[in-house]
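For the protein sequence lines, the chains are A and B, in the order given.
Residue numbering for the first sequence follows this note's numbering, starting at 1 and increasing by one per position.
Residue numbering for the second sequence follows this note's numbering, starting at 1 and increasing by one per position.
Source of the hints: derived by calculation from the structure; they are not laboratory data.
Virtual Cβ for every residue (Gly too), placed ideally from N, Cα, C.
One thing to keep in mind: the hints can contain errors.
[To be verified] What follows is a set of in silico ranges between Cβ atoms, one per label pair, in the way DEER data are often shown:
hint	chain 1	residue 1	chain 2	residue 2	range
1	A	A169	B	A239	49 to 55 Å
2	A	G63	B	E132	50 to 56 Å
3	B	E247	A	A169	28 to 34 Å
4	B	S44	A	L107	43 to 49 Å
5	A	A169	B	G188	34 to 40 Å
So you can see what is in the structure, the chains are spelled out below.
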Amino acid sequence: MFDAQSQKGANERRVVLFWRSTLLLVILGGWELYGRFIDATWFSRPSLIFSRIWTMAGHGLAGHILTTLTEMAGGLMIGVPLGALLGLTLGRLPVTAGVVRPIIFGLYSVPLVTLAPLFIFWFGLDLTPKIVLVAIVTFFLLFFTTFAGVQTIDRELIDNYRLLGATRAELLRKLIAPACLAWILSGLKIALPYSLIAAVVGEMLLARSGLGFLLMFASQQIDMTGMFAALVVLMVAGVMVGESVNLLERHIMRWRLLSV
Amino acid sequence: MTGTLIELEGLSKTFQRDSNAIMALSPTDLSIKRGEFVALVGPSGCGKSTILNMLAGLLRPSEGRVSYGGEVVNDLNLRVGYMTQKDTLLPWRTVTDNIGSPLELACRKTPKAERLEKIRKMIEFVGLKGFEKHYPGELSGGMRRRVALARMLIYDPETLLMDEPFGALDAQLKLVMHDEIQRIVGGGQKTVLFVTHDLGEAIALADRVVVFSSRPGRIKAIRSVNLPRPRDVFRIRFAPRFTELHEELWDQLKDEVKKGVDT
Numbered sequence: 001m002f003d004a005q006s007q008k009g010a011n012e013r014r015v016v017l018f019w020r021s022t023l024l025l026v027i028l029g030g031w032e033l034y035g036r037f038i039d040a041t042w043f044s045r046p047s048l049i050f051s052r053i054w055t056m057a058g059h060g061l062a063g064h065i066l067t068t069l070t071e072m073a074g075g076l077m078i079g080v081p082l083g084a085l086l087g088l089t090l091g092r093l094p095v096t097a098g099v100v101r102p103i104i105f106g107l108y109s110v111p112l113v114t115l116a117p118l119f120i121f122w123f124g125l126d127l128t129p130k131i132v133l134v135a136i137v138t139f140f141l142l143f144f145t146t147f148a149g150v151q152t153i154d155r156e157l158i159d160n161y162r163l164l165g166a167t168r169a170e171l172l173r174k175l176i177a178p179a180c181l182a183w184i185l186s187g188l189k190i191a192l193p194y195s196l197i198a199a200v201v202g203e204m205l206l207a208r209s210g211l212g213f214l215l216m217f218a219s220q221q222i223d224m225t226g227m228f229a230a231l232v233v234l235m236v237a238g239v240m241v242g243e244s245v246n247l248l249e250r251h252i253m254r255w256r257l258l259s260v
Numbered sequence: 001m002t003g004t005l006i007e008l009e010g011l012s013k014t015f016q017r018d019s020n021a022i023m024a025l026s027p028t029d030l031s032i033k034r035g036e037f038v039a040l041v042g043p044s045g046c047g048k049s050t051i052l053n054m055l056a057g058l059l060r061p062s063e064g065r066v067s068y069g070g071e072v073v074n075d076l077n078l079r080v081g082y083m084t085q086k087d088t089l090l091p092w093r094t095v096t097d098n099i100g101s102p103l104e105l106a107c108r109k110t111p112k113a114e115r116l117e118k119i120r121k122m123i124e125f126v127g128l129k130g131f132e133k134h135y136p137g138e139l140s141g142g143m144r145r146r147v148a149l150a151r152m153l154i155y156d157p158e159t160l161l162m163d164e165p166f167g168a169l170d171a172q173l174k175l176v177m178h179d180e181i182q183r184i185v186g187g188g189q190k191t192v193l194f195v196t197h198d199l200g201e202a203i204a205l206a207d208r209v210v211v212f213s214s215r216p217g218r219i220k221a222i223r224s225v226n227l228p229r230p231r232d233v234f235r236i237r238f239a240p241r242f243t244e245l246h247e248e249l250w251d252q253l254k255d256e257v258k259k260g261v262d263t
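The task is simple: from the sequences and hints, build the whole structure.
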């Protein structure tokens, strides 16, 4: 019975895989034929795009990828801990949270892209303005998820820990923070793809390197092949970020399984 | 047993819900001696748990006052250990770490070796040997209750507040826990306030049983149990004094239980 089912599952997977590859080949083939025999001005074609990526790989593509990754990592390293920490703290201070709530919501309501020119004025053309951009985006995401996490902690659990004689700091460190760990991790899960978006958007506005810069540079030259090449690299980067998020999620699930 | 430890004087509590004032506890006087085991019995919502919360300093009285050791309680009362009906174990910590958590706090910082030794003894005492590395989620309800009990006993608080601690356990397991409680506190080493709606449990364990009316809670009867200690909780139900008390107090309680259901 079980064997038959797993057999069925394996068959299904094989069928899905076959049609998936077929579909991909049809799309790429159609695109290639269209570009070769009709018009390649606005759409380029896959063979050109991949050979361009190959050329770029030998001419500093790694550097551009590294720039974008550095901006993401730098921003995440600032935004994630600060957001989580503020969420934990304000989560326990309802009055203060009420006071600063309009400020936080006001700041959060400003569309992220519109902040980029401001940061370029303030922090120059290097990595700094993009790192700040990523930091701000991820800060808010972590703040909101962690804050929500604190609100879900059982009142009785907190009272009980206080009655054991815990100080405010001990309560935060030994009860509130670990209880919110799952929330912080799921905030991080959302923050990772956003960090890529923020870094690339920042680069598109003004930069000397990075994947967003590659895209912008190609578009200014009306270089369709270059634009698609940058987009393909971005797609791969996005998929990889998504995959790392999945790994993280599996980690969260393990934690939950262990603890509930 | 010397002197009064806990004193309720005209203690009452009114909760504000939307625009309605709901009186949970009408003015109540009660004094409890050091080393005494007092059971509070009554229908749900009669303010028994409210008394414990006020005694622990988690709630402020609406009127009157509650004093502990001669001082009015107006902040968290750290001299009491509180075991609630609900599980308050930390799900991400093992049995060992949960039981040891009171000893990790700065207010009673204990060296690691001493802490581990105390935990080991306590685990043995409540019969959780072999489960040291388990998480609360991996334990049965009865085992979790034992962990909660051990966590309360390990820092040796002067007074134990227990709010229907075994309410969720089956009848057999309840008896086993009663036996444990009886061994720990039966000799008058601890003052205990034990809230329950199980009259049999109250009589089997306590020195005095206080019966409350339904909401707003008011003391309806107080009886001394006068059964010799140590008690055999497995057989105490057949003692004539137990039956007599049970019958007498049940007459007091049954009308209140009915009223509680009607409203």
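Structure-based check of each hint:
1. Separation of A169 of chain A from A239 of chain B is about 52 Å and conforms to the stated range, judged on CB atoms against 49 to 55 Å.
2. Taking 50 to 56 Å as the suggested C-beta distance range, the pair G63 of chain A and E132 of chain B conforms, at roughly 53 Å.
3. Look at E247 of chain B against A169 of chain A: about 54 Å separates their beta carbons, and that is not inside 28 to 34 Å.
4. Checked against the hint of 43 to 49 Å, the C-beta distance between S44 of chain B and L107 of chain A comes to roughly 47 Å, which is consistent with it.
5. The given range of 34 to 40 Å is respected by A169 of chain A and G188 of chain B, whose C-beta atoms sit roughly 38 Å from each other.
In summary, the one numbered hint that this structure violates is 3.
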